[in-house]
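Please model the complete structure; the sequences and the hints are all you need to start from.
If you want the building blocks of each chain, they are given just below.
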Amino acid sequence: MDFKKLIFISGKGGTGKTTLALIVARHLALQSKKVLFVELSPRSSAQSLLNLEQGPNYQPSKTPFGFDWSLMQGKDCLVEYISSFTGVEKITQKVFDSSVIKTLVNVAPGLNDLAVLGKLTSGMREHGPSFDYDHIVVDAHSTGSFQSLINAPKLLGRSVSTGPLKSQSEKIDEVLKDANLVQYFFMGLFESLPMDELEDTLAEFGESFKEGITVLMNKRLPIDESHSENSLWKNFIESQLREQKKQRERVKDLWDSVVSQDLITIALSDYLKKQQGEWLRPL
Amino acid sequence: MVTASIDERLKSCDLLTFIGTGGVGKTSLSVVTALRAAQNGRRVAAITIDPSRRLTHLLGMQSESEGENVQTIQWDGLSGSLDLYFVDPEKVFQEFVSSHIGESMYEKLSRNGIYKQISKNLRETHNFAALYKMVEVFKNDEYDLVVLDTPPSNQVIEFFESPKRLQKFFSNQSEGEKANWLDWIQSKSLKLAEGFMKKMVGGEFVSEMNHFFSAVGSLRSDIGKVTDIFLENMNRSTSYLLLVYPPSLDKIEDARYLMAEMSKNQFSVNEFVMNRAYLNVLDQSQEPGLAQDSEELKLYNYFMKMKERGHAQINELKTELSSHDLTFSMIPEIKTNLESTDDIMNFVRKMDENWSVV
Chain A
1 MDFKKLIFIS GKGGTGKTTL ALIVARHLAL QSKKVLFVEL SPRSSAQSLL NLEQGPNYQP
61 SKTPFGFDWS LMQGKDCLVE YISSFTGVEK ITQKVFDSSV IKTLVNVAPG LNDLAVLGKL
121 TSGMREHGPS FDYDHIVVDA HSTGSFQSLI NAPKLLGRSV STGPLKSQSE KIDEVLKDAN
181 LVQYFFMGLF ESLPMDELED TLAEFGESFK EGITVLMNKR LPIDESHSEN SLWKNFIESQ
241 LREQKKQRER VKDLWDSVVS QDLITIALSD YLKKQQGEWL RPL
Chain B
1 MVTASIDERL KSCDLLTFIG TGGVGKTSLS VVTALRAAQN GRRVAAITID PSRRLTHLLG
61 MQSESEGENV QTIQWDGLSG SLDLYFVDPE KVFQEFVSSH IGESMYEKLS RNGIYKQISK
121 NLRETHNFAA LYKMVEVFKN DEYDLVVLDT PPSNQVIEFF ESPKRLQKFF SNQSEGEKAN
181 WLDWIQSKSL KLAEGFMKKM VGGEFVSEMN HFFSAVGSLR SDIGKVTDIF LENMNRSTSY
241 LLLVYPPSLD KIEDARYLMA EMSKNQFSVN EFVMNRAYLN VLDQSQEPGL AQDSEELKLY
301 NYFMKMKERG HAQINELKTE LSSHDLTFSM IPEIKTNLES TDDIMNFVRK MDENWSVV
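Going line by line, the protein sequences match chains A and B. The opening position of the first sequence corresponds to residue 1 in my numbering, with each subsequent residue numbered one higher. The opening position of the second sequence corresponds to residue 1 in my numbering, with each subsequent residue numbered one higher.
Source of the hints: derived by calculation from the structure; they are not laboratory data. Just so it is clear, the structure is predicted and the values come from calculations on it, not from any experiment. Each residue gets a CB set at the ideal place from its N, CA and C atoms; glycine is no exception. It is possible that some hints are incorrect.
Here are the simulated BS3-like cross-link-like pairs (lysine-lysine), alpha carbons at most 30 Å apart as the crow flies [claimed, not checked]:
hint: 1; chain 1: B; residue 1: K120; chain 2: A; residue 2: K246
hint: 2; chain 1: A; residue 1: K177; chain 2: B; residue 2: K108
hint: 3; chain 1: A; residue 1: K171; chain 2: B; residue 2: K298
hint: 4; chain 1: B; residue 1: K120; chain 2: A; residue 2: K171
hint: 5; chain 1: A; residue 1: K154; chain 2: A; residue 2: K219
hint: 6; chain 1: B; residue 1: K298; chain 2: A; residue 2: K234
hint: 7; chain 1: A; residue 1: K166; chain 2: B; residue 2: K91
hint: 8; chain 1: B; residue 1: K120; chain 2: A; residue 2: K219
hint: 9; chain 1: A; residue 1: K246; chain 2: B; residue 2: K116
Here's a subset of chain B near chain A, in silico, CB distances under 7 Å, partners left out [as the list claims (entries may be wrong)]:
hint: 10; residue: G23
hint: 11; residue: E107
hint: 12; residue: E253
hint: 13; residue: Y302
Now the structure itself:
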């Protein structure tokens, strides 16, 4: 499978976004790529999954898994961006601590989002402070919030008629739609409820981002039939497998580019330590 | 410590609030709990934001339908009643704003770019819409139980802090000294901020913003009033707050964090519910009857281990939070897919035996 420079992983809550983002980051790191794993939530989910003492900060730091990680918040990105103009971080920080700017950041909806996207795409737009990585893997928000994130540049570009904000927004929007640079993984499970939501998401994102989207079906049961003598268990597994088959057919009709990940039955940190993964298989 | 059945625990409440991070089955659980109460003869209103398509379909609701956002559920076996309120945050927020600033003012405001963005995209507005709806429904004497499903968000505490944040947000205008937002910036000698804003966002945006704040300045106190009523209701002894979480490690961390934040804000959580805690087919002592080293045995052992771990984690939380008056409970994974109203009603009927206190 071919990985692009910037990779977003999104999907319904509980589908395993963080787990899969970590697997992708580890997979690329094992291919000797320089990888940054980015979390956008205010608190790290990866830290407990990786069983590490120290969590990520805004400034990238190393993990024992061969990739770097960072916890990125809109405010940090904005401060950094503005500092690159004023040249003095202290002044910028002061401005940002004022309630006016706090309000502005809240009022101009999407300014936070825009700052994050600006940071993530800076290398590709050759504008502002950037990172030196082959791949940036983003553990993004769940579907609804992700939509506001991705639409922020378009909306802001529209609501302002001239100026640097407009041109920057438009450029970011362009990059996000460039399938040679940016890739989107949307998570699915072999269950009907999450699949309904996935179908809606694909309908909404599909048109603008078609080329860049891959569906990632998680928690696939790694067996084809049950050999158990325990009838309760056997019935359960077989009904799960029937459902798996049904949803597999459904997703095949729904989207061309689909990969799957087996249910991980050991601790994630142990799973990632393996040198070669049976991860991310064809559907 | 209460150890009564779920029916007993909920018997004396008139407000039931479900909180938890996304994807834990919070909405489904709130709906089946509402159905259970209706089955027990109570007159129930359930408020939910953005339920999944499947769920609305199963409940026979048309969430897309214009204007109508409340649906009465009429199923066999419900001796009480259930009204489901589907909250469209944008619409509800508009309802609130227009009723407080007046039609003509609203007419102008609705064309303001910033207002449009805020009513559509700001999470605070969505959260506020949910609690505003709750306050509205609660006024209604037709119900003896209101079930509130809080909106999905990365950090649930956001929901409870939203009114405060929204109030702060609208309060620039009401600092007292200055009537004009831009004057205010200048008075604080924040030339740099202003320059940055103009450079970044352009003069047009700045003037839109100015218009926005002069139009909504008066909303601050109204938001405050709604918030006060909401908080009052939440803090009464007949209000019951359930924190729903799944058995995964990172989400248990979230639950811990949430509990701490809730306590800081003087909200008391009444019950910790581990949802989809284990497979109920493992709830017996039968052998798996599987070949050594087979993939299926690994799978079986994995689910077994998960079940033990779920229990262990609850016990850990119990010890840790023993100073709080909390009930710990768990609900097993019963059937992955709710295919029909029968599936839902089966779950509702068996709820008492499945939802067990640990």
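Structure-based check of each hint:
no. : hint            : verdict
1   : B:K120 / A:K246 : violated (36 Å)
2   : A:K177 / B:K108 : violated (35 Å)
3   : A:K171 / B:K298 : violated (50 Å)
4   : B:K120 / A:K171 : holds (24 Å)
5   : A:K154 / A:K219 : violated (34 Å)
6   : B:K298 / A:K234 : holds (14 Å)
7   : A:K166 / B:K91  : holds (29 Å)
8   : B:K120 / A:K219 : violated (34 Å)
9   : A:K246 / B:K116 : violated (42 Å)
10  : G23             : holds (3 Å)
11  : E107            : violated (20 Å)
12  : E253            : holds (5 Å)
13  : Y302            : holds (4 Å)
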